[in-house]
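Peer 1: Single-letter residue listing:
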Amino acid sequence: MNDRTRGRAGGGCMTDQADGRPFLKVEGVSKSFGGVRALSEIELEVNRGEIRAIIGPNGAGKTTLINLISRVYPPDRGRITFAGRDITRVPTHRIASVGIGRTFQNVALFRGMTVLDNLMLGRHPLMRPGIFSSGIYWGLAQKKEVEHRARVEWIIDFLEITHIRKTLVAALPLGLQKRVELGRALAGEPTLLLLDEPMAGMNVEEKEDMVRFIFDINEELDKTIVLIEHDMGVVMDISQRVSALDFGVKIAEGTPDEVRANPAVIEAYLGTAAQQASR
Amino acid sequence: MVNRECGVFFSTYAADMRLFPLPLTRWTMVGIAGLGFVVFPLVASDYFLNIANLVCIAAVGAIGLNLLVGYTGQISVGHGAFIAAGAYAGALVVTRAGLPFWIALPFGGLMAAVVGAFFGIPSLRIKGLYLAIATLAAQFIIEWLIIHIEWISGGAESTVTVPKAAIGPWVLDTLLEQYFLNLIVLSLAIVFAMNLVRSPIGRAFIAIRDRDVAAEVIGVNLFRYKLLAFAVSSFYAGVTGILYALYLGAANYEQFDIATSIDFLAMIIIGGLGSILGSVFGAFFITVLPMALRVAVDGAVTAALFLFPAANISHVVQSMTAVKLILFGGLIIVFLIVEPEGLNKLWRNIKDYFRVWPYSY
Ligand SMILES: Nc1ncnc2c1ncn2[C@@H]1O[C@H](COP(=O)(O)OP(=O)(O)OP(=O)(O)O)[C@@H](O)[C@H]1O
Ligand SMILES: [Mg+2]
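Residue numbers (the working numbering), protein chains in the order written: chain A, 6 to 284; chain B, 66 to 426.
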């Protein structure tokens, strides 16, 4: 709990921007899987309040980067700091209380549960359940449940999913599942959100909704956002800065226009397009 | 009107989060409790009281196993061993220390919980069938310890004789008194488990079952919660063990072998994985089915001997015993094909029917 408050205070807009330290900093991070070098010597700096897009062709290492930041696995080399704190070796289950929430490329909701319970689980890092008070329930545990429920209901309203709150997530279409997963990440009250292709597999209308939610989360709820996205149109709309990866290396960074005009980026995308065409 | 879901709205979160939000289910539960505590004891013969006792005791252990396997997704075939651990721990507390059974119950449960948590440690690294094999080791190790440490087993037969439960001078020695004891323990076990699974702990269990990586990233400590699941599950197993020892008058490791573990797995699969009430149904089914088959087969033997007086009696009895086993296995398979989600699903179907009754579309 202490870490959390410290993380928050350290991540405050004023302090960070004032002393020029980035909110999230990835330094010289590398990761290999067996013989595959998924990421090499990655440098990344994200400021507080930013919406940063990460682009790159398939297999570029985007998901690996997010997995490293959210501590799904450790890097082989390098250092990751968040809100002034070294999180390179933080235990995975502590990453949520550090203030980092995320969604997954292949929706990773708890399928046997309702939307409501998925979001309640998102608040798990803010709960300290005891075995006896849980089994006896009436009294203390119930009081806390009601408090957490109120916060979760606020997010359910915010994301406009009130009508499905009691539905099992397995029964929902992909578009809604992605929105529920966003809600689960928000429920943990993170300061940094990592979104892995939040719009993949959505139709135009669903994409527009998602873009609107991401904007609102950034502006109204004051969350810093790092998102992976393939749709360049969306990336142009949504983000101030873009980082491009290819074969595990950062090949470009800048405003969406700069990155789109960058020869290395064009090469990377054309390369894959050409490869796919020649197949 | 108020019996149906349509038209029932909740104005507070607390009301929405009740154990049985719908009035109909609430009254059904009151009705079932009334049957169990009042009507059945008034009408049941000793034969049925004995069955009810065995069902109640088994149901406690089945609920425990379901918390681990059905809710948390950790397969265990060591449940029999954890039952044995509780049975011996409880028996020793009663016989050696002379403490009353109501201390032995939580004590044996706690001992079993410690043993269970210890043998649950491999679950941090392995899953599925590999974990099943690791828990199988618990079965053999605990059996070996009980047999070979004389301080526990009390000698060659490895049997610890246990006096009947007593509250002060009142000895619970009739089937009826024991039925009330077992039913009360079962009721507590049910309520505690139902509360647990709707609490943050229960949600964490299910999250581990459904998606362990995502659970960890959103803040569930896999180490803590997997071991907690093993501990709680084994606590239930331990309580079952002591109830058996009190009821049967002895703790004996032979009662709690690998076949016991398999029986308990059968109970929760038949009853429905991830369902508390299903565990009770499953315990009933697996306890009663062999008895019913025995009655049926005995009848068939008598009939066969009556129709063919010249038949060889031992042959008839032998083949009928085989038929009994085949029927037992066959019925379970048929049942699982008809209702793969277990007895609990059947119960839900009935409930759903009445919930919208009479508008059944
Ligand atoms: N757990 C893993 N084990 C082995 N190889 C992996 C693993 N995760 C990723 N890789 C490899 O690392 C490389 C980068 O994968 P990553 O998933 O990060 O790419 P990506 O940029 O997210 O691609 P996509 O757009 O397809 O999602 C790929 O070659 C992939 O095969
Ligand atoms: Mg990816």
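Read the hints as simulated data drawn from the structure, not as lab findings. Any given hint might turn out to be false.
[As the list claims (entries may be wrong)] Capping the alpha-carbon separation at 25 Å, the derived lysine-lysine pairs in DSS-like fashion look like this: (1) K149(A) / K171(A); (2) K148(A) / K171(A); (3) K171(A) / K212(A); (4) K192(B) / K171(A); (5) K389(B) / K171(A).
Peer 1: For every hint, state whether the structure bears it out.
Peer 2: Status of the hints after comparison with the structure:
no.	hint	result
1	K149(A) / K171(A)	20 Å, holds
2	K148(A) / K171(A)	21 Å, holds
3	K171(A) / K212(A)	24 Å, holds
4	K192(B) / K171(A)	30 Å, violated
5	K389(B) / K171(A)	45 Å, violated
Consistency note: the structure conflicts with the earlier hints numbered 4, 5.
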